[in-house]
Amino acid sequence: MDRAAVDTKIRSLIEPFNKKGVTIEEDTTFQNDLEFDSLTVMDFVAEIEDEFDIIISMNQQAEIETYGQLVDAVTKLQAD
Amino acid sequence: MSEGIIQPDQPETLEGEGKDLFSKFDDIIALREGLLSSGQEDPFNLVMEKVLSPTRAICNGRETILLGTYNYMGMTFDPDVVEAGKQALADYGTGTTGSRVLNGTYQGHKECEQALKDFYGMDHAMVFSTGYQANLGIISTIAGKGDYIVLDIDSHASIWDGCAMGQAEVVPFKHNDIEAMEKRLKRIPEGAGKLVVLEGVYSMLGDVAPLKEMVAIAKKYGAMVLVDEAHSMGFIGENGRGVVEDTGVMDDVDFIIGTFSKSVGTVGGFCVSNHPKFEIMRLVCRPYVFTASLPPSVVATAEASIRKLMHGSNKRAHLWENSRSLHKGLKDLGFKLGTEEPQSAIIAVIMPDLEQGAQMWEALIQNGLYVNLARPPATPAGMTLLRCSLCAEHSEEEVGEILSIFEQSGRQVGII
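Each protein sequence line maps, in turn, to chains A and B.
Remember, the numbering used here sits 3 above the position in the first sequence when you count from 1.
Remember, the numbering used here sits 150 above the position in the second sequence when you count from 1.
Excised from the complex, chain A in its bound form (with noise of 0.2 Å):
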């Protein structure tokens, strides 16, 4: 999957975890811009894992700040 298909897969899983509709740009930030907290984090990780079938590690995670990391980050994982 393309990084382009892999965005397309996100914005979609990310939805109904966007709570309070937030335009999503590539440097969206999941703590600050979406206030997403560590639950919310922890049940749209699971949701990208399932669709993907991939890991993605809490030391991972760390060093995913932005959406366009995310896409980045599963475009590679995915690829693996």
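You can trust all of the hints, since none of them are fake.
Simulated pairs of lysine-lysine, DSSO-like, Cα-Cα distance not exceeding 27 Å:
(1) B:K369 with B:K295
(2) B:K336 with A:K12
(3) B:K295 with A:K79
(4) B:K267 with B:K369
(5) A:K79 with B:K333
(6) B:K427 with B:K260
(7) A:K12 with B:K324
(8) B:K333 with A:K12
(9) B:K427 with B:K267
(10) A:K23 with B:K324
(11) A:K79 with B:K336
(12) B:K427 with B:K295
(13) B:K324 with A:K79
(14) B:K324 with A:K22
(15) A:K22 with A:K12
(16) B:K370 with B:K324
(17) B:K370 with B:K333
Think of the hints as simulated: they come from the structure by calculation, not from any bench.
From a predicted model like this one, the values you see are computed outputs, not experimental measurements.
Chain A is fixed; fit chain B onto it per the hints.
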């Protein structure tokens, strides 16, 4: 989870501004001041002026029933245990002034480890200075860079800190969700080392883990299994060995972690295992090596207490009765509880919100009952809880008294 009832078990990164390194705590300072400005007694600064028994103390000048101490088996004033401690204090002095691997291993430490081996029927036992250090040390030492740790999201802070210290890849799954755990194990790259970390009883809601299913799945994927039995030792299982015993998986679990600061009634932590190479841990586990060993009186009281707990079936039975009658009584009064049925000696009462939870806690303490107030972010799903932990020394009458204090306080605050 969790003893740190005002902060999350999972470590957070706090960001500070400016030059004062303390500015990162400003939000927490404001939260605390907000709570106390309502005239509230500080729930996190209670002083026990006198301790009368495992179930009674004088707090803020009032005689108080203790229902939030984890002193499950009430061993803290057991005459044999107290005597063992006095004798060791007289014979071996106040402290060892040294690490277990240098001058800090006395006869008492070996005898305490033997008592643990006898209690669990396992080949190896290693005593740490605290339960926190037992999890920190074992997890960080066995799971290093490149290994994977799969753990429940509601794990205790000592487990999270052990994961962080060891630098393994950390993969959490939804609380007690067997399927979520299996999915994660399945995706771990072939050849990687795997450790599954579970708790027998989770201390926030007092619920138990489905260990039979989870341990079987962990084994199917070739993972080693570590179970923290801090809140079940001495109480759950025919011989008090914990949820691992109760669910029949003693032989499939690689490591059991426990503590002396709950049912055993003193302080310290341990790991028991049948792993043939386990003894090497004594040389490579930093939280074991780089700290002073427990004082002789502490290991002597622990040993005496553990040996008595082996024969504690009557006390276990009484504690189950207490747990069932408190659970039923609170439910009948109309309180919302953390579990449908009592699963352990912890009964969590769910409060509508933090404000009413704090008011209820204050009403209880003023009416002579101490429980733990637990609140977000330490609690699962943002809940405010009044966490009750029962003791085998609570009499039937005391449980009745506890229920009437809950009823009176609940009406005062308008929760029931």
